[in-house]
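*Asks:* Here are the chains, one letter per residue:
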Amino acid sequence: MSDHSHPEKAGSAIDRNVYRKGFNTFLVLAVLTVVEYFVGLWFPSAVLLILLAIAKAALVLNIFMGITKLWRGGDHH
Amino acid sequence: MKYFLTSALVRGLVGQIVTTWLSYSLIRSFRMTVEGWTVPEVGLDEPAVVLACIIGLFGFLLSCGVVTDWLKMMAGHKPHLKHGAQGRPGWTRYVNIDVNHKVIGIQYGLNSIFILLIGGLLAILFRLELAMPGLQFLQSGDQYNTLFSAHGIIMIAAIFAGVGAMTNYLGPVLIGASDMAFPRLNAFSYWVGVPSAVILLAGIFLGGWDTGWVGYPTHSTTTKMIGVQMFLLGFYLNGFSSIASGLNMVVTAVYMRAKGMSYFRMPIFVWAAVAASILQATTTQTVGVALTMVVAQRTLGMNFFTPILDPELLAAGVPAGDPILFQHIFWFYSHPAVYVWILPGLGIISELLPVFTRKPLFGYKWIALSSVGIALVGMLVWAHHMLTSSMPPTWKIPFMLSTLLVAVPTGVKFFSWLATIWEGKMRFPTPMLFVLGSISVFLLGGLSGPILGTIGTDMHLHDTYFVVGHFHATVFGGFVFPFFAAIYYWFPKMTGKMYDELLGKIHFWIMVPGFWVMSLLQMRVGVLGMRRRIADYGPDLGIQVEQALITVATLAIGWSVLIMIYNLVSSVRKTELAPENPWESRSPEFLAPSPLPEFNYLAPIEVVGEPYDYGLEGATYAVVPTPAGD
Amino acid sequence: MSAVAHGHDDHHGELHNPMEPTRQEQIVMNRFGLWLFCFSEVFLFAALLAARFYLWRDPDVGALRPDLPQAPALIFTCVLLVSSFFMNRAEVAAANEDRATFNFSMASTFVMGLIFLVGVIVLEWGVGGETHILPTSGAFGAVFFAMTGMHAIHVITGLIFVAIVWRNGNLGNYSREDHWGVEACAIYWHFVDLVWIFFYPAIYLIGLAVHIPIH
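Residue numbers (this note's numbering), protein chains in the order written: chain A, 1 to 77; chain B, 1 to 630; chain C, 1 to 215.
Just to be clear, a hint being listed does not mean it is correct.
[Said to hold, decoys possible] Not close to chain C: a few residues of chain B, all C-beta gaps over 12 Å, as computed:
1. 369
2. 424
3. 459
[Stated by the list, open to error] Here are the computed lysine to any residue pairs in the SDA-like style, where the Cα-Cα straight-line distance is at most 20 Å:
4. 78/B - 163/C
5. 72/B - 180/C
6. 425/B - 415/B
7. 78/B - 211/C
[To be verified] Chain C regions said to be covered by chain B (calculated; three or more residues, Cβ under 8 Å):
8. 53 to 59
9. 167 to 180
Note that these hints are calculated values from the structure, not bench results.
We put the beta carbon where it would ideally sit given N, CA and C, even for glycine.
Input sequences plus hints: build the corresponding full structure.
*Replies:* Here it is as structure tokens:
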């Protein structure tokens, strides 16, 4: 929702896009989790599992937690 | 008196004692009704003590009222920040919940000096014991163990309070802000430290403990002295204070600087405080884990640290615990913790030197970055405390190298100080004397460091009095003396009165030489074979004269601190006002009235030049608005 | 946002002191402070992970893990993920003052979080269910309960946070311009999920499975 520079103009079309972005992220995370599970059971490689976890973490940090707001909305000087 | 009895401090303490006592009796009687749980008939019930202490902390916080505003926010209200004394006399602000950073800074300072006196008293007690071979007046080794263990952790609490005093009072003032970024959290940081200190002190009387301030397992997980639980909890709960105040200071320095104050125009003390705060906000978490694990192993039987295992589990291939794990997690915090104390102290040295040499600070950017450098390297050196442990030898060499690397940013600071003093027009009031004293003492500590950080020499010196001498030199040179310098320097700013210069100089000339004697002789007896944490030593070690002299020096240091306290207390009561800018400082706080107004400056200040251009004609650092008519 | 601050600024009432930060400046600082807090917590969970990799190890075989039932762990991991999804949805809804979606999403977040918590306690810890591991089961039990326990404490505080924000949202305390409470709750809740992203493979998937005898 931080995409709206003009909140009063935020129509329902944009909202649906933002909602969909959350849903798509969720789908990717779910797929990665299942992949993780099968990798863990059939090709137990610690490196691969850690890489998968880092990929999931990057998605959560970026899209769910909005880490970019720290520098996009945070310039004071 | 009426105001004192209804103050947040008294309400909190009563709340803590009542809730701790009630929950202890409830939990104990509940545990007696459960089949299969053993509760001792006489003496304390350990799991009940642990739970009761934690509940008691909440009792303190709720009854002193430091969390009231947050509870209101949760209920959907928007409480205002309360400024001022709320219609009570001015002094009551220091015993009540107050969100102003200057009040909190002074609260920390008073707390620090009070705890420092208790810790110092314990040190004097066991120094008297060590003055001669044989047991003098202590009844047992356990008493001695409790004394030095408590001395360690209580002094650590005092130093953290002192760091809190300096960063809280000075941080926002020096960057031209009105307050910290989160005033309520700031008050919380201070007030959560009070019940933690009470728990620590109570531990001395409820059984004591004999683990030292490090609390290594497997001794800490098996000792019968229940005070160890109070020590672990008090230590742990103090961590909340550290974490909260650390992140508060970082946010403040990033977002609340005055107009025109770029990062490289920040006062050097703020750089140091931010570097220390980053360490405080991050590494404190790991010691929390280590201490929680010891508490869990003692109360719940979870095996983190004991290499012994049930045979059936062992046969199945289940791994056992390992005491070395504790040392890793513990030192990952506890080594940087020392840098949390000394970084602000070294920042004070760099801050004050240019004022009293009337010269620009040499190599400002290098000094600023060296603080960050010390903080970052400091996170990678922890295992040098374990060079004689069973850690694999392949780990020891990298840690030796990273330890020696700390000397580089520290050396940057030393050479900058020398270059700043070089050809300066030096003045020698008490703060400057303490600054020079800190440099001399920190040099002692610094030079004895690499000797301990090198594997070969550490094999010989580990766990001797040499370590004690080294450690006290770094902490006195890096924290205690700069802290005293800061107290004398900003005393006219805090109170509007001037301290007594003669008494200040007497304090210096007793304390600093006294400390040299104490520290050097501690190193000497260490090399001659005196072990640390031992209640007694044989006359055939041939160190009686040294031991007696160390004790005399300790007593001198103790008396000199009392002189300082007398000096400060009597000076506050003076009627005559201190000069506006007694040190001819360029720093913005000395261009504003003293004591500073509620929001520090009447209107936002603006930075227009470099901070340390002393002696340069027409150079200005900050434009500070003055009261009406200007 | 808006140039005139006093519209939403009932914090400072009639007069805003020029020395004090405005509400918008305060939100920017709050955000940075919360992120720093998360960064600080990373060290806590990293210390637990370090303990796990340090202790769950055999000099000959390498990394070990306790042999625990896999299906419930996967299911609860997914439940937490779904709650994270709804938390995100609630935040978007609050930013758009979409009260109905906000309510439904917060409720779902809370319920999913609660299912995760109860699931861990009953099926994983074996409280009132079948026991596979005990706190006294050597380093396995100790570290397993330390990791899941520390995470569970954060789930509990997160649930309290969600409940408070849900209620305050119902009272109409959040607006398009100022819904910091919801954002803070979302960051915290996602952080709890983030920790589990690393804990799940570390506890259940990495290393050779060793069966724990329970009498």
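*Asks:* Checking against the hints above, which ones are violated?
*Replies:* Result: hint 7 breaks, nothing else.
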